[in-house]
Amino acid sequence: MSDIANRLEQPQKSSRSYLSIAVWVIVLGLLAVLGWGLVNSTAPRPEVGEMAPKFNLEFFDGYEWEGKTAASLEDMKGQIVVMNFWASWCVECRVETDELEAAWQKYQDQGVVFVGVAYSDVEPNSIAYMEEFDVTFPHAPDLGTRISHDYEITGVPETFIIDQTGEIAYVQIGPISGSTLDQIIGQLLADGG
Amino acid sequence: MPELRSKQIRVRRLAAALFVLLGFLLLALPALAQDVPVTDDEVNAVAKDLFCPVCESTPLDVCPTQACADWRELIRQQLSEGSTPEEVQAYFARQYGDGVLANPPKSGFTLILWALPVVAVIVGGVFFTRYVRTLRTSAAEVDEEFEEDVVETAVPIPAKLIAPDDYKSRLEEELRNR
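Read top to bottom, the protein sequences are chains E and F. 1 is the number of the first residue of the first sequence in the numbering used here; add one for each residue after it. 1001 is the number of the first residue of the second sequence in the numbering used here; add one for each residue after it.
Derived by calculation from the structure, the hints in this document are not laboratory data. No residue lacks a Cβ here, since even glycine has one placed at the ideal position from N, Cα and C. There may be inaccurate statements among the hints.
Stated by the list, open to error - On the chain F side, residues computed to face chain E include the following (Cβ under 8 Å):
(1) Pro1053
(2) Val1054
(3) Val1062
(4) Gln1066
(5) Asp1070
(6) Trp1071
(7) Gly1099
(8) Ala1102
(9) Pro1105
(10) Leu1111
(11) Trp1114
(12) Val1118
Turn these sequences into a full structure, and let the hints steer you where they fit.
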């Protein structure tokens, strides 16, 4: 009698254990994906010496790069890229804008690209800001805040200088000065990438 | 005959004037739409479902920063141009990313965040039910074993060792005395 009962119980037990395994697999899978997402969302800032994260820009009208309405980091390879994150509502940005424009005027014919990336800004305000400072170097909005996310900026202004090979050569948190730009760009031009 | 001709000309002129007037009205429509006044409450109703881009987890309607003031003005402008609140939110998501939405769309990684509490409740329920069943089974087994032990080891107690029921004896005595 007990043998028959044991035989009847066995399939039930095995189906229960399969269910248990399935439940654990689902739970662990979800936790793994959640962990992966959290790790990605808190990725460290790209450091000096690391390859710069790729980006695509759709420039503001009148602020294109070499006549192109859109460009990527790949398109700028072989040139020094000075990427400045800013916003029209940012008070500190006002300190550096003239210095950036002056440096752009100085280096634009020496294989140096200056790119302004407007972070979480309203387009008419961005345009008004650029007109106020007579800015002429290429500018683009940070659509979907994807670039600022990839570069893990902590605020504005922040400036990343990328060398001719695509490596990050310098990171400036806060306003950048003309002398710093001269020093870093001069060094990179001397090294030749 | 000349009268009929002049009448035809007048009708044509009137029709042309009406066309010109209609054309002006059509051109003026967007300008009229821009004049629709939008109240702060209407702006805040949209802004409360958006997050400030600068201060983390601060709703746009209560954030005092300049960036949020600019965004609220943008909402006002879009509403005055005839955009619906949903269209305004879609514009902000496209322009600044899903991170600005208080209720991000249930897709991709966000879907997992939405699903996880539900899955946790279901899995928790399954484990709790199984745990309760285990407790019941083990309690029943203990009861069975105890009863078996009691039956096997039971020794009849002599009648003289059983304490007399005090209440019962007093009741019987009272009945006898009546």
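To see whether the hints hold, each was checked on the structure:
Nearest Cβ of chain E to the Cβ of Pro1053 (chain F): about 3 Å, under the 8 Å cut. The hint holds. The criterion of a C-beta within 8 Å of any C-beta in chain E is met by Val1054 (chain F), whose closest approach is roughly 7 Å, and the hint holds. Violation of the interface hint for Val1062 (chain F) is found here, the shortest Cβ-Cβ separation to chain E being roughly 17 Å, above the 8 Å cut-off. A hinted interface residue such as Gln1066 (chain F) counts as satisfied when its beta carbon comes closer than 8 Å to some beta carbon of chain E; here the least separation is about 4 Å, so the hint holds.
Evaluation of the Asp1070 (chain F) hint against chain E yields a held restraint, the C-beta minimum of about 5 Å falling below 8 Å. Hint on Trp1071 (chain F) holds. Least Cβ distance to chain E is approximately 7 Å, under the 8 Å limit. Interface hint status for Gly1099 (chain F): upheld, as the beta-carbon distance to the closest one in chain E is roughly 7 Å, under 8 Å. Look at Ala1102 (chain F): its Cβ only gets to about 16 Å from chain E, farther than 8 Å, so that hint breaks.
Restraint check, Pro1105 (chain F) versus chain E: the minimum CB separation of about 13 Å is more than 8 Å; hint violated. Nearest Cβ of chain E to the Cβ of Leu1111 (chain F): about 10 Å, over the 8 Å cut. The hint is violated. A hinted interface residue such as Trp1114 (chain F) counts as satisfied when its beta carbon comes closer than 8 Å to some beta carbon of chain E; here the least separation is about 11 Å, so the hint is violated. Annotation: Val1118 (chain F) was flagged as interfacial toward chain E, and the flag is violated, the nearest CB pair being 11 Å apart, outside 8 Å.
The structure fails to meet hints 3, 8, 9, 10, 11 and 12 from the earlier list, while all remaining hints are met.
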